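The chain contents come next:
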Amino acid sequence: MSARSEDRGLISAADRRRPVVRWTLGGGQALILVLLALAGLGPILWLAKAAISQPHDIAADPLGLWSGPPQWQNIETAWSRLRVGPALVNTVLIALGNWAVSVLVATTGGYALAILRPGYAKIINGALLATMFIPAVISLVPLYLTVLDVPIVGGSLINSYWAIWLPAGAGAFNVIITGRFFAQLPAELFEAAKIDGVGNFRMFTSLVLPLSGPIIGVVSLLSVIAAWREYLWPKLVLPDRAKQPLSVMLPSIRDNVQINLFMAGLLISVVLPIVIFLLFQRYFIRGAGLADGIKG
Amino acid sequence: MSLPLSAEDGRATRVTRRVARWVRRGGISTLVFLIPTLVVFGLFSWWPIARGLVLAFQQTNLVTAAEWVGLDNFRKVLADPLLVTAAGNTAWFALLALVFGYPAPLALAVFVRELRRGRALFSVLAYLPVVLPPVVAILLWRVFYDASDSGLFNTLARGLGLGPFQWLQDARSAMPSIVLEATWANAGSTMIIYLAALSGVRTDLYEAAEIDGASIWRRIVHVTLPQMRTILLITLLLQIIGTFQVFTEPFLFTGGGPANATTTILMLLYNYAFINGDYGGATALSVLLAVFLGLLSLLYFRLTRRWSTT
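Top to bottom, those sequences are chains D and H.
With the UniProt record's numbering applied, the first sequence has no gaps in its numbers, which climb one by one up to 296 at the end.
With the UniProt record's numbering applied, the second sequence has no gaps in its numbers, which climb one by one up to 310 at the end.
Please note: incorrect hints may appear among the correct ones.
Claimed, not checked - A few chain H residues facing chain D, derived, Cβ under 7 Å:
hint, residue
1, Thr37
2, Gln58
3, Leu125
4, Leu152
5, Ile211
6, Asp212
7, Gln245
8, Thr248
9, Ala261
10, Ile275
11, Val291
12, Leu293
13, Leu295
Stated by the list, open to error - Covered stretches of chain D, as calculated for chain H (at least 3 residues, CB under 8 Å):
hint, stretch
14, 65-78
15, 123-129
16, 139-145
17, 207-214
Since the hints were derived computationally from the structure, they do not count as laboratory data.
A quick note: this is a predicted structure, and the numbers were derived from the prediction, not measured.
Glycine residues also receive a C-beta, built at the ideal position from the N, C-alpha and C atoms.
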């Protein structure tokens with residue numbers, strides 16, 4: 001935390017010496033920690049336990065701490081027989097494609113609009129900003145019809161991952177924050193490169209991209225998380241069950257499988273997000289304020 | 001050139017020269033860099049938005065050519081008795097989400113900010129539900145809401161001498177149950193936003209207030225909250241806009257039931273388009289919703305302009 005926050009906060013050192021404040025703060029801290037652990041960690045731990053239980057143990061004693069030997073084979077059965085494994089692979093494929101398209105569009109578009117700045121950049125910038133102020137709901141149906149029969153190119157993208165990848169790239173927020181980041185890079189670098197006769201392409205690949213790790217990281221994180229969370233859109237454009245990601249496939253099998261196997265399936269689908277979060281929690285928590293605050 | 005040029009030749013040369021200069025200055029490569037943006041936004045953002053505005057006035061079944069029907073779609077949607085129910089449910093969802101979900105992350109953030117140790121631990125724990133994919137969280141909570149005696153929440157309620165409750169099966173408790181899960185799933189990210197905003201609060205004002213004898217509570221009310229008002233107003237508006245477009249939660253928890261008690265505007269729209277194939281009606285509904293949200297935002301900014309500028 002910053003040095004300034006250590007200097008003083010809402011509660012001063014003098015306050016902290018008062019018993020009432022000390023006890024409230026200490027007691028409140030313990031109480032909130034317990035509540036947060038129950039709310040944040042509790043459901044995940046319960047899920048992990050249910051995933052390796054017998055079905056009747058989940059039903060008979062949902063709060064039991066331990067019931068019988070762990071049924072590790074549940075995980076295996078869910079992975080192969082319930083086809084959770086292939087759905088996980090699909091989810092990863094969708095996330096990778098979203099990532100590639102989002103980063104390509106954000107970096108090339110941001111570079112052209114913020115650094116190269118052709119005369120017509122203002123119009124494009126305006127058109128990008130406008131999409132941020134129009135509620136997403138308005139384009140749900142026409143976007144679906146567009147994917148059914150792509151204009152100019154023709155043909156349908158239904159049951160193709162391109163139907164998810166390409167619209168995922170159309171995030172104005174990504175292009176704009178990337179452009180802003182590029183614009184903050186020292187202008188002398190570009191001047192010097194231009195005098196040395198470096199062309200636009202080389203300037204992009206050997207000057208702009210190497211300096212843009214942080215913003216590419218933010219765009220990557222946002223696009224991958226969005227891919228993992230999406231439900232309605234993949235459900236609409238991927239009717240073929242073999243191609244569906246976890247988010248679409250899991251609700252469709254819910255009523256037909258034993259609860260413990262279903263819990264094993266849910267567990268498999270949260271392991272990766274949780275591991276990635278715990279590894280990069282610093283960036284998540286720092287980036288969340290930025291992303292959610294602006295994107296909504 | 002020594003030969004005199006006609007006016008037309010001169011214009012042609014000027015155009016050629018201008019094009020040549022544009023090419024020399026990298027006009028083509030700039031355009032190449034814009035191709036991904038133009039293609040992706042053109043096909044999958046700008047075109048669908050424009051088409052949506054037209055489609056709302058058309059009747060189409062995707063087989064025969066689209067037919068212009070004027071305001072018929074809007075009339076039909078507005079006359080649908082389910083619209084009143086869905087609008088009421090959506091407003092109810094938004095109100096409950098505000099009551100459940102608005103104060104808690106703020107209080108939590110103000111509290112966590114004052115901790116000397118363990119801020120990271122508190123943040124990670126609060127953010128964990130946000131990490132779970134929404135579909136997984138909903139499917140898990142459906143199990144928690146099991147209406148039988150041995151459902152998880154009913155077992156907890158029994159410990160308090162209550163229940164058993166028909167959480168999702170009862171028309172009165174279905175919506176609050178859904179909102180409870182949605183609040184749990186989203187509170188962490190709001191808290192993180194507030195924590196970030198709190199680091200921008202001027203601490204010298206706390207000192208001044210303390211010297212003036214202001215209690216901790218009064219310092220929160222008169223120093224902390226006024227300095228956070230911009231972010232508080234934005235999160236409030238974003239939350240309202242978000243809750244008015246809620247779909248996944250009611251769709252996966254209850255499918256809109258029981259007795260349409262949890263059918264939201266977006267579920268109605270989904271039924272129009274993807275169950276009945278009435279794309280015109282669905283788009284008319286989405287235009288109505290977008291216009292409503294736009295007007296709401298405008299009104300909101302007008303009303304709050306006085307508070308948000310210092």
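Hint check:
Against a cut-off of 7 Å between C-beta atoms, the interface hint on Thr37/H holds, since the closest Cβ of chain D lies about 3 Å away. Because the smallest distance between the Cβ of Gln58/H and any Cβ of chain D comes to about 11 Å, over 7 Å, the interface hint for this residue is violated. The interface hint given for Leu125/H is met, as the beta carbon of that residue sits about 4 Å from the closest beta carbon of chain D, less than 7 Å. The restraint placing Leu152/H at the interface with chain D holds, with a minimum CB-CB distance near 4 Å, inside the 7 Å limit.
Below 7 Å, beta-carbon pairs count as interface contacts, and Ile211/H has none with chain D, the closest being about 10 Å; its hint is therefore violated. The restraint placing Asp212/H at the interface with chain D is violated, with a minimum CB-CB distance near 13 Å, outside the 7 Å limit. Interface restraint check for Gln245/H: the shortest CB-CB distance to chain D comes to about 5 Å, inside 7 Å, so the restraint holds. The interface hint given for Thr248/H holds, since its Cβ lies 5 Å from the closest Cβ of chain D, which is under the 7 Å cut-off.
Taken as an interface hint, Ala261/H does not check out: its beta carbon lies about 20 Å from the nearest beta carbon of chain D, beyond 7 Å. Contact between Ile275/H and chain D, as hinted, is not supported at the beta carbon level, the nearest pair being about 12 Å apart and thus beyond 7 Å. Of the supplied interface hints, the one on Val291/H is violated, with its beta-carbon coming no nearer than about 9 Å to a beta-carbon of chain D, more than 7 Å. Residue-level restraint check for Leu293/H holds (minimum Cβ-Cβ distance to chain D is 5 Å; threshold 7 Å).
Because the beta carbon of Leu295/H sits about 12 Å from the nearest beta carbon in chain D, more than 7 Å, this interface hint is broken. Figure legend: the stretch 65-78 of chain D, annotated as covered by chain H; annotation inconsistent (0 residues with Cβ-Cβ distances under 8 Å, at least 3 required). Coverage of the stretch 123-129 of chain D by chain H holds [criterion: at least 3 residues with CB-CB distance below 8 Å; count 3]. Against chain H, the stretch 139-145 of chain D contributes 7 residues with a C-beta closer than 8 Å to a partner C-beta. That satisfies the three-residue criterion, and the hint holds.
Residue count for the stretch 207-214 of chain D with a Cβ under 8 Å from a Cβ of chain H: 0. That is fewer than the three needed, and the coverage hint is violated.
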